Amino acid sequence: ELKVEQNPLFLSMQEGKNYTIYCNYSTTSDRLYWYRQDPGKSLESLFVLLSNGAVKQEGRLMASLDTKARLSTLHITAAVHDLSATYFCAVDMEGTGTASKLTFGTGTRLQVTL
Amino acid sequence: DTEVTQTPKHLVMGMTNKKSLKCEQHMGHRAMYWYKQKAKKPPELMFVYSYEKLSINESVPSRFSPECPNSSLLNLHLHALQPEDSALYLCASSRPYYQVGQGMIDGYTFGSGTRLTVV
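Chains A and B supply the protein sequences, listed in that same order. Take the first sequence: its position 8, counted from the start at 1, is 8 in the numbering used here, and no numbers get skipped. Take the second sequence: its position 72, counted from the start at 1, is 72 in the numbering used here, and no numbers get skipped.
Isolated chain A, as found in the complex:
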């Protein structure tokens, strides 16, 4: 059974600081997503990483994937309050027909303080 773990589970950081969220998974996969979720809202897609060594950046967020280590990271640069949310990684596995199966990590609740 695929297990996807994130750490930390909760992160309180000051504005302007840098930090990294880690996502480890237990089964070989070369496809991983990062999502953001605000309280009471749905999931917002941030990145899809499709191969070993993939790196994607958008604004203050940068995601990377190491399929050999089964590890993805989400790096936050110079945090701002607007980044406060819960962040999920999710590992995608090919299924049957057109469907695949997305398994979410435990989530990291990020709180950026002034």
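A hint or two may mislead.
Derived EDC-like pairs (lysine to aspartate or glutamate); straight-line CA-CA distance at most 20 Å [said to hold, decoys possible]:
id	chain 1	residue 1	chain 2	residue 2
1	B	Lys41	A	Glu5
2	B	Lys36	A	Asp30
3	A	Lys68	A	Asp30
4	B	Lys53	A	Glu94
Quick look at which bits of chain A chain B covers, simulated, 3 or more residues with Cβ under 8 Å [unchecked claim]:
id	region
5	39-47
6	90-104
Keep in mind the hints are simulated off the structure, nothing from the lab. Since the model is a prediction, treat every value here as computed from it, not as a measurement. Idealized CB from N, CA, C, for every residue including glycine.
Once you have looked at the hints, place chain B on chain A.
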């Protein structure tokens, strides 16, 4: 149209009621999904449909009954639910696995969810 539309947005139902959640997409995606998300937890897969046929049921209790009447619609019929079934129910659709990365980046599109409260 690049959205997945879920209705209703909020639903309160009694334990003896029967209700349905609806999900609609017009992106031509042939895979559709139901996820359940409890507070402060990650989404958990419930059902997967591929070409309007049920391909994955993650051992969901029979009081949840999915239906995919056509390629654009996905329903979740609810009957005799328990208070612990209160959660955010998310619908999603996706392109075929092999298409993601071939110039088509967005693998999954999630709806805005239905907040269900069972009283």
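Checklist entry - Counting residues of the region 90-104 of chain A that have a beta-carbon nearer than 8 Å to any beta-carbon of chain B, does the count reach 3? => result That given contact holds, which follows from 12 residues of the region 90-104 of chain A lying within Cβ reach (below 8 Å) of chain B.
Item to check | Pair hint B:Lys41 and A:Glu5, alpha-carbon separation not exceeding 20 Å | outcome: At roughly 12 Å apart (the allowed maximum being 20 Å), A:Glu5 and B:Lys41 satisfy the hint.
Checklist entry - B:Lys36 and A:Asp30: Cα distance at most 20 Å? => result Not OK: B:Lys36 and A:Asp30 at ~25 Å, beyond 20 Å, violated.
Checklist entry - Are the Cα atoms of A:Lys68 and A:Asp30 separated by 20 Å or less? => result holds (9 Å)
Checklist entry - Is the straight-line distance between the alpha-carbon of B:Lys53 and that of A:Glu94 20 Å or less? => result holds (17 Å)
Next on the checklist: Closer than 8 Å Cβ to Cβ for three or more residues is the test here. Does the region 39-47 of chain A pass it with chain B?
Outcome noted: holds (count 5)
Going down the numbered hints, you'll see the structure goes against just number 2.
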